[in-house]
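So the protein sequences, as listed, match chains A and B.
Each residue of the first sequence is one higher than the one before, starting from 32 at the first, in the working numbering.
Each residue of the second sequence is one higher than the one before, starting from 32 at the first, in the working numbering.
Everything labelled a hint here was simulated from the structure, so no lab data went into it.
Hints may be right or wrong, so weigh each one.
As the list makes no split between identical chains, a pair holds if one copy fits it or if it spans any two.
[What the hints assert, rightly or not] In the SDA-like style, the derived pairs of lysine to any residue whose C-alpha atoms are separated by at most 25 Å in a straight line are:
hint, residue 1, residue 2
1, Lys-281, Glu-143
2, Lys-347, Ile-413
3, Lys-87, Leu-282
4, Lys-152, Thr-285
5, Lys-227, Val-142
Number of protein chains: 2
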Amino acid sequence: MRFAAFFFDGVSRAFHQGPSFSKLVVILAASSGGLVAYADSKSDQAIESSQVAHRKKKMVVLGTGWAGTTFLKNLDSSLYDVQVVSPRNYFAFTPLLPSITCGTVEPRSIVEPIRKIIKKKGGDIKFWEAECFKIDPTNKKVHCRSNIGTNLDGNGEFLLDYDYLVIAIGARANTFNTPGVVEHCHFLKEIEDAQKIRRSVMDCFESASLPNLDEEERKRILHFVIVGGGPTGVEFAAELHDFVSEDLSKLYPTVRDLVKISVIEAGEHILTMFDKRITKFAEEKFQRDGIAVKTGYKVVEVSDKDITMTNASTGKMSVPYGMAVWSTGIGTRPVIMDFMKQIDQANRRVLATDEWLRVRGCDGVYALGDCATISQRKVMNIFMRPISSSPFSASENIKREDISLIFKVADKDHSGTLTVKEIQDVLDDICIRYPQVELYLKSKQMSDIVDLIKDSKGDVQKESVELDIEEFKKALANVDSQVKNLPATAQVAAQQGNYLARCFNKMKESDENPEGPLRIRESGRHRFRPFSLYAMDQAMVKL
Amino acid sequence: MRFAAFFFDGVSRAFHQGPSFSKLVVILAASSGGLVAYADSKSDQAIESSQVAHRKKKMVVLGTGWAGTTFLKNLDSSLYDVQVVSPRNYFAFTPLLPSITCGTVEPRSIVEPIRKIIKKKGGDIKFWEAECFKIDPTNKKVHCRSNIGTNLDGNGEFLLDYDYLVIAIGARANTFNTPGVVEHCHFLKEIEDAQKIRRSVMDCFESASLPNLDEEERKRILHFVIVGGGPTGVEFAAELHDFVSEDLSKLYPTVRDLVKISVIEAGEHILTMFDKRITKFAEEKFQRDGIAVKTGYKVVEVSDKDITMTNASTGKMSVPYGMAVWSTGIGTRPVIMDFMKQIDQANRRVLATDEWLRVRGCDGVYALGDCATISQRKVMNIFMRPISSSPFSASENIKREDISLIFKVADKDHSGTLTVKEIQDVLDDICIRYPQVELYLKSKQMSDIVDLIKDSKGDVQKESVELDIEEFKKALANVDSQVKNLPATAQVAAQQGNYLARCFNKMKESDENPEGPLRIRESGRHRFRPFSLYAMDQAMVKL
Numbered sequence: 032m033r034f035a036a037f038f039f040d041g042v043s044r045a046f047h048q049g050p051s052f053s054k055l056v057v058i059l060a061a062s063s064g065g066l067v068a069y070a071d072s073k074s075d076q077a078i079e080s081s082q083v084a085h086r087k088k089k090m091v092v093l094g095t096g097w098a099g100t101t102f103l104k105n106l107d108s109s110l111y112d113v114q115v116v117s118p119r120n121y122f123a124f125t126p127l128l129p130s131i132t133c134g135t136v137e138p139r140s141i142v143e144p145i146r147k148i149i150k151k152k153g154g155d156i157k158f159w160e161a162e163c164f165k166i167d168p169t170n171k172k173v174h175c176r177s178n179i180g181t182n183l184d185g186n187g188e189f190l191l192d193y194d195y196l197v198i199a200i201g202a203r204a205n206t207f208n209t210p211g212v213v214e215h216c217h218f219l220k221e222i223e224d225a226q227k228i229r230r231s232v233m234d235c236f237e238s239a240s241l242p243n244l245d246e247e248e249r250k251r252i253l254h255f256v257i258v259g260g261g262p263t264g265v266e267f268a269a270e271l272h273d274f275v276s277e278d279l280s281k282l283y284p285t286v287r288d289l290v291k292i293s294v295i296e297a298g299e300h301i302l303t304m305f306d307k308r309i310t311k312f313a314e315e316k317f318q319r320d321g322i323a324v325k326t327g328y329k330v331v332e333v334s335d336k337d338i339t340m341t342n343a344s345t346g347k348m349s350v351p352y353g354m355a356v357w358s359t360g361i362g363t364r365p366v367i368m369d370f371m372k373q374i375d376q377a378n379r380r381v382l383a384t385d386e387w388l389r390v391r392g393c394d395g396v397y398a399l400g401d402c403a404t405i406s407q408r409k410v411m412n413i414f415m416r417p418i419s420s421s422p423f424s425a426s427e428n429i430k431r432e433d434i435s436l437i438f439k440v441a442d443k444d445h446s447g448t449l450t451v452k453e454i455q456d457v458l459d460d461i462c463i464r465y466p467q468v469e470l471y472l473k474s475k476q477m478s479d480i481v482d483l484i485k486d487s488k489g490d491v492q493k494e495s496v497e498l499d500i501e502e503f504k505k506a507l508a509n510v511d512s513q514v515k516n517l518p519a520t521a522q523v524a525a526q527q528g529n530y531l532a533r534c535f536n537k538m539k540e541s542d543e544n545p546e547g548p549l550r551i552r553e554s555g556r557h558r559f560r561p562f563s564l565y566a567m568d569q570a571m572v573k574l
Numbered sequence: 032m033r034f035a036a037f038f039f040d041g042v043s044r045a046f047h048q049g050p051s052f053s054k055l056v057v058i059l060a061a062s063s064g065g066l067v068a069y070a071d072s073k074s075d076q077a078i079e080s081s082q083v084a085h086r087k088k089k090m091v092v093l094g095t096g097w098a099g100t101t102f103l104k105n106l107d108s109s110l111y112d113v114q115v116v117s118p119r120n121y122f123a124f125t126p127l128l129p130s131i132t133c134g135t136v137e138p139r140s141i142v143e144p145i146r147k148i149i150k151k152k153g154g155d156i157k158f159w160e161a162e163c164f165k166i167d168p169t170n171k172k173v174h175c176r177s178n179i180g181t182n183l184d185g186n187g188e189f190l191l192d193y194d195y196l197v198i199a200i201g202a203r204a205n206t207f208n209t210p211g212v213v214e215h216c217h218f219l220k221e222i223e224d225a226q227k228i229r230r231s232v233m234d235c236f237e238s239a240s241l242p243n244l245d246e247e248e249r250k251r252i253l254h255f256v257i258v259g260g261g262p263t264g265v266e267f268a269a270e271l272h273d274f275v276s277e278d279l280s281k282l283y284p285t286v287r288d289l290v291k292i293s294v295i296e297a298g299e300h301i302l303t304m305f306d307k308r309i310t311k312f313a314e315e316k317f318q319r320d321g322i323a324v325k326t327g328y329k330v331v332e333v334s335d336k337d338i339t340m341t342n343a344s345t346g347k348m349s350v351p352y353g354m355a356v357w358s359t360g361i362g363t364r365p366v367i368m369d370f371m372k373q374i375d376q377a378n379r380r381v382l383a384t385d386e387w388l389r390v391r392g393c394d395g396v397y398a399l400g401d402c403a404t405i406s407q408r409k410v411m412n413i414f415m416r417p418i419s420s421s422p423f424s425a426s427e428n429i430k431r432e433d434i435s436l437i438f439k440v441a442d443k444d445h446s447g448t449l450t451v452k453e454i455q456d457v458l459d460d461i462c463i464r465y466p467q468v469e470l471y472l473k474s475k476q477m478s479d480i481v482d483l484i485k486d487s488k489g490d491v492q493k494e495s496v497e498l499d500i501e502e503f504k505k506a507l508a509n510v511d512s513q514v515k516n517l518p519a520t521a522q523v524a525a526q527q528g529n530y531l532a533r534c535f536n537k538m539k540e541s542d543e544n545p546e547g548p549l550r551i552r553e554s555g556r557h558r559f560r561p562f563s564l565y566a567m568d569q570a571m572v573k574l
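In isolation and in its complexed conformation, chain A is listed as follows (with noise of 0.2 Å):
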């Protein structure tokens, strides 16, 4: 190494701006947690020593999609020290994805460095790209491994400690393990995946036009395949078309006759997660364009050339291709499965929290985004609950009922009776912990619990009225019907990284005055709101 010290003679002055190198190792020991050897000088050890004393609780945030760059911006970074990790050192505009497939839009336009984020928040969070590739919530860790060719010693790996873990890792594109899907198949999901599909579509004309071809095989390289018509589909599909005809078509007059793009749906219908209205109008749109909307078709296998796809009329049938483009919805990612089989969330899909995005028997691990979903509690709940709260005699469990609970909270005058004000009185704090409630009336064209009331026990005064709990649980029987899961796009995920960041911002203050609905279980009032779907103040939400 004579000549490296040669090399690296007094030349980096040249970016020299900021703080020095010795304050860095410092702010990197009491972060990463015993893996950065303390032995730079007695000095360093002392200030380590007082800053453990009044330190910070250890915030780690996976993933940097909207879930978790919005958490990241609405977090007052400056009562946590905080890492951010993920293989993307950018938040992606996800959106306007399928116009990028056809340079519409440049990648550059849609696409925020986190560092640039950190940097206007003050640079006190600290980001890592790299991959969570285990979490430990025993130990309270996450395994991460740089996804760039680092020579970090042994494997590029290194560990983090964690007193609050946030996953927002997203989802993988889902295969349904279908055979050939990943070597034939694009996916939609990345900046990267986009670009290969703007190069992908403009290699299909190119080799299309080649000298000794014959008709048949132009035709099977411009076919274009949408497999699955949910929104991202649908969009690729219709950018895809305008393309085709307002740009490509004029640069390849000999090929443009034999462009063909068709959209694959198992389903009866394209987007089918909207109004009927707009499957109505895109179908339409799409068939005077000249898409080809193919629903009822599953397809099976994908080969380099052929789809092949099974039809409850016409059985297995394959169709030649040139560029499929996979976009059925999305799957579980691995970490996320490994993750749940030492939770006790095995036999479940998707990783599952609470109604405060909470993951379940983790203590401080919360989960938001396209990687988790919240499973609402319901009124109808069945749940065992040891006789004696004492920890030392829990072997016995008694079936308690969320709705007895409920109504046992709502009956102050212990009469076995509620009338209709005292159920009025605990009506707003059950429609936040229950929001079915509330969907349910509105259902049901109710403006009021009373008309719910009257609904299950016949035309009744208002005032005089009383319900006894099994007149109770009719009225309510079926409100957890209108028990749904939220949608996995951006906006859901956007709102959740706001709420969990307004949450931590406020932990302190909410432990004098919590903000959340009434405890039916215990004494007292939750910390805050479960979270909601546009309950928030808009305005808050910094995109």
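Model the placement of chain B on the given structure of chain A, informed by the hints.
Chain B alone, transformed into the frame defined by chain A:
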């Protein structure tokens, strides 16, 4: 294929705006030399055979860089049946490549689709996105291979016939066979190279910022090495410096002091091809900026972490690095090397053309831009000529000199001596055919050939002097020292493209009215002036 037909049911109308496909078949048949079966229909055959009679000459253009694209833009494509072959379906404004590496400029801003250029010209040019991998001058064919994953019959290869072949495929990066360069270094010749460099720079900053690295390793990762002090390397070093100091040092405050940029140059100075004042300015500026310029170091090996080099005074040594860009000039592409073997140029480093950009010894083959050099005929050239001009007795050759023939042409009265007037009569033609004569006069600050004669014969009266052949030879003895190869720049390539297009456009007219200088070895005039830099009307160059 039952389903295929069902799938293609009358949807292609969507992109139908132009000529029918049957017309395309005829065009292809006429152009690709019998490779497409003519059996389409009787009428097609009739059209085809009538076209063969007065069919245009087939021109194949290889390459879409500066030379190829400028040629294409300036060519009157109605005169020829033009086919363009290139692995890139766009022209790139390469001088801005270094700016792509740091995001100053976006790739789409510096590219122009070839098909757009073709469309502007009326669309009667065919473009194939493929690479020529063999030139066959004997049979006047080029062998091409598509570089896209197509499913052409066989291995995706096809053959094109030509009457005229314009080779403008540029050069490859020259590694001088240094071990490890291809594996570990970036080049900077294509858009993709620049994009890779950009990602690599970001990756270096991200990986140097990871936890658990010692400072030595961080320094290694942030050591950016540019091998080669030519315009490309220097430009990149400067761009990178600005990128680091203006942007990255703000986003990566913890590692900014560890960044180091080095330019390694085997020669004594950087930018030796330019004026010395430019070299001095660049070296001083780099020193102020903290960019290390290491001249006199020759890189002999590159590994994944170290660059090994030799230096006259210090011997062999290694320096750790994070990213390296190799930019030490250009080398000949394999297809050109193979072509050179076929035409007896195997002993040359670069493909040679005459002053009219014609490849010597190849009928109808032209080469321009970085893939060829003009081999300027020397005044003192000695060549062999058959005693008889009849091809049947060409077994005996005699030595001839250009200078003697020039003397003979100038000596109109066959007196055996040249008067100043006789010399002046042919001087313009001589200077066009042998531009070194004019350059020599300029370099000696002589305004006229009389000065040259004076210089060689001593002080004499202007009009009275007469030169015999030996005196004439003596006067011109040193002019050939001014013969220089043109630099491998975009400017030269573009001017050559424009020059050659103009020649092809005027091919017919120039038969009757030759524009060139007097022929020395034969009677009459050359068809065109030889190519010379800056000699053309600049307004004509469409860039």
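Hints versus structure:
no., hint, result
1, Lys-281 - Glu-143, "between (34 Å within a copy, 15 Å between copies)"
2, Lys-347 - Ile-413, "neither (46 Å within a copy, 78 Å between copies)"
3, Lys-87 - Leu-282, "between (60 Å within a copy, 24 Å between copies)"
4, Lys-152 - Thr-285, "between (54 Å within a copy, 16 Å between copies)"
5, Lys-227 - Val-142, "both (17 Å within a copy, 18 Å between copies)"
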